[in-house]
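Residue 69 in the numbering used here sits at position 42 of the sequence shown; the count goes up by one each step and never skips.
Possibly wrong hints are sitting among the right ones.
To be verified - 16 Å max Cα-Cα, derived EDC-like pairs, lysine to aspartate or glutamate:
hint, residue 1, residue 2
1, Lys58, Glu34
2, Lys48, Asp121
3, Lys48, Glu132
What the hints assert, rightly or not - Restraint ranges, calculated between C-beta atoms of paired labels, are given here:
hint, residue 1, residue 2, range
4, Arg104, Glu126, 14 to 20 Å
5, Lys58, Pro108, 30 to 36 Å
6, Lys58, Arg124, 27 to 33 Å
7, Glu57, Phe106, 26 to 32 Å
8, Val52, Gly88, 17 to 23 Å
9, Leu114, Lys58, 29 to 35 Å
10, Ala127, Leu103, 15 to 21 Å
11, Glu42, Ala127, 18 to 24 Å
12, Glu132, Met28, 27 to 33 Å
13, Val129, Pro100, 16 to 22 Å
14, Lys48, Gly88, 29 to 35 Å
15, Pro32, Arg104, 18 to 24 Å
16, Leu114, Leu73, 17 to 23 Å
Since the hints were derived computationally from the structure, they do not count as laboratory data.
Glycine included, each C-beta is placed from N, C-alpha and C at the ideal position.
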Amino acid sequence: MQIVPYEPWHLLNIEVQPAQKMADVVFHDEKNARELGEAGPVFTALVGGVPVAIAGVAGRGEGRAMVWSVLAPAALRQFAPIHRAALRFLNLHDYRRLEAVVDCEFAAAVAPDTRTRRRAPRPSARRAARD
C-alpha cells in the first residue's frame, strides 16, 4: 500500500463502498474531484496503483476542521494501515477540534473496533514523579 498526495483522478476512479453509494454521483464528478483537493489537505491510499481510500480535512476556521473519507470495499483488507496513516496525517495538522458526520445506522462506522482502538499510554511512575 502507498500513501500519496491526493489527485482528482483518485476520486474519479475509486470503487465506492456500498455504505457510501448514496453519494456516488457526487464522488464521480470532475468539478467536485478538483474542488476536494482545494478544500484542505487530502491523502490517498493506493494498492497496486488503484485508490482504495481517500481522506482529508476541510478547514472550518478558528482551529476547526471536518474530517471525511471515501473508502472502497478493498480498503477493509488494509484498514489497520489506513487507520495508522490517517492518525499520522491528522497529527501533522494543528487543529484544535475535528468534526465528522457518521451514519448512526451503519454499525461498522459506530461500533468499537478492538483491532485499531488503543488506549492512551499511561505515564510511567518515574515520569509522573518527574512532572
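A quick look at each hint next to the structure:
As the CA atoms of Lys58 and Glu34 are separated by approximately 12 Å, the hinted pair is consistent with the 16 Å bound. Between Lys48 and Asp121 the alpha-carbon distance is near 32 Å, which puts this suggested pair outside the 16 Å criterion. Taking the CA atoms of Lys48 and Glu132, the gap is about 15 Å. The hint holds against a cut of 16 Å. Our hint of 14 to 20 Å for Arg104 and Glu126 is violated, since their Cβ atoms are close to 28 Å apart.
Between Lys58 and Pro108 the beta carbon distance is about 31 Å. The supplied range of 30 to 36 Å therefore holds. A beta carbon spacing of about 29 Å between Lys58 and Arg124 agrees with the range 27 to 33 Å that was offered as a hint. Separation of Glu57 from Phe106 is about 29 Å and conforms to the stated range, judged on CB atoms against 26 to 32 Å. Taking the beta carbon of each, Val52 and Gly88 are about 28 Å apart, not inside 17 to 23 Å as hinted.
In this structure the supplied range 29 to 35 Å holds for Leu114 paired with Lys58, their Cβ-Cβ distance being about 31 Å. At about 19 Å, the CB distance of Ala127 to Leu103 agrees with the hint of 15 to 21 Å. The hinted window of 18 to 24 Å between Glu42 and Ala127 holds, with their beta carbons roughly 22 Å apart. A hinted range of 27 to 33 Å for the beta carbons of Glu132 and Met28 is consistent with their spacing of about 29 Å.
As the Cβ distance of Val129 to Pro100 is approximately 19 Å, the hint placing it in 16 to 22 Å holds. Hint check: Lys48 to Gly88, Cβ distance near 31 Å, so the stated range 29 to 35 Å holds. Judged by the Cβ atoms, the range 18 to 24 Å given for Pro32 and Arg104 holds: they are separated by roughly 23 Å. The beta-carbon spacing between Leu114 and Leu73, approximately 19 Å, falls within the hinted interval of 17 to 23 Å.
Violation of the numbered hints given earlier is confined to hints 2, 4, 8; the remaining hints are satisfied by the structure.
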